[in-house]
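Once you know that position 55 of the sequence shown is 54 in numbering that gives the first Met the number 0, the rest is easy, because the numbers rise by one and skip nothing.
Treat the hints with caution; some may be incorrect.
To be verified - Computed spacing ranges between beta-carbons, pair by pair:
#	residue 1	residue 2	range
1	A207	N164	46 to 56 Å
2	Y231	C184	19 to 29 Å
3	S55	I194	25 to 35 Å
4	G29	H88	29 to 39 Å
5	I175	S236	14 to 24 Å
6	G6	R257	27 to 37 Å
What the hints assert, rightly or not - Calculated cross-link-like contacts (lysine-lysine; reagent style PhoX-like; alpha-carbon spacing at most 25 Å):
#	residue 1	residue 2
7	K211	K90
8	K128	K90
9	K203	K128
10	K90	K203
Hints in this document: simulated from the structure, not taken from any laboratory. Here a beta-carbon is modelled for each residue, glycine too, at the ideal position from N, C-alpha and C.
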Amino acid sequence: MAWTVFGVMIVLLLMGFPMMIPLLAGTLTGFLMIFGDFGQLETAVQQIIAGIRPASLIAVPMFIFAADIMTRGQSAGRLIDMVMSFVGHLKGGLAVSTATACTMFGAVSGSTQATVVAVGSPLRPRMLKAGYKDSFVLALIVNSSDIAFLIPPSIGMIIYGVVSNTSIAELFIAGIGPGLLILVCFSIFSVIYAIRNDVPTEPKAAWAARFKAVQKALWPLGFPAIIIGGIYGGIFSPTEAAAACVLYALILEVIVFREL
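Construct all of the structure, not just a fragment, from the sequences and the given hints.
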């Protein structure tokens, strides 16, 4: 049976159908081979709907929506500028800034994909111009963005918490340490890479420029305060924190920054 299902999917993929069509066809083929007809299909659909009924899952699209708003506005850029002003002049500082910016944006959005777009778009050309190899740049951006899976508000942890009936708040707090440890490891590797390949450093920012960058990033830094402070302060549930992030993102980008 497995080979039949696999064969149907491969044939449809080779014919150029979108991925959803082979997946659907393979599922229906396997269902038909197991039950002999589609009489039990209604029960299967009901079980699928029941599986996505928990209210906690509402947080997933809300965090993605908030991240999309930030990506289209100024929040991501302001976080990047703040990190660059402090570590950009060090050996490997641009790479360390990229990893740190991915972590900070992941702590705001919880979405790996949004982090890749928000941080990778402005920093990849800059790293290539500075002398980093494209393979290293892509690997650093993609893997640093994966830290968003660990630190709050990790979308993956929300889904795992719902499926396993585990406290999402406890999962969030458990992921902070490993996420920061991975950031440290990426930073150390970036410094070693820059030293071995003699990558030039960025100009050192003046303290006035650093202070200005921090001032501009204060509003975006409010996102972790809302998420972590709100949840562990007993003010929000994770779902309510996601809704608050969407509202905060809209206020920032539409009213304060006036970018949308």
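These are the hints, each one checked on the structure:
| no. | hint | verdict |
| --- | --- | --- |
| 1 | A207 <-> N164: 46 to 56 Å | 52 Å, holds |
| 2 | Y231 <-> C184: 19 to 29 Å | 26 Å, holds |
| 3 | S55 <-> I194: 25 to 35 Å | 45 Å, violated |
| 4 | G29 <-> H88: 29 to 39 Å | 57 Å, violated |
| 5 | I175 <-> S236: 14 to 24 Å | 19 Å, holds |
| 6 | G6 <-> R257: 27 to 37 Å | 55 Å, violated |
| 7 | K211 <-> K90 | 23 Å, holds |
| 8 | K128 <-> K90 | 15 Å, holds |
| 9 | K203 <-> K128 | 17 Å, holds |
| 10 | K90 <-> K203 | 11 Å, holds |
Checked against the numbered hints listed earlier, the structure breaks hints 3, 4 and 6; every other hint is satisfied.
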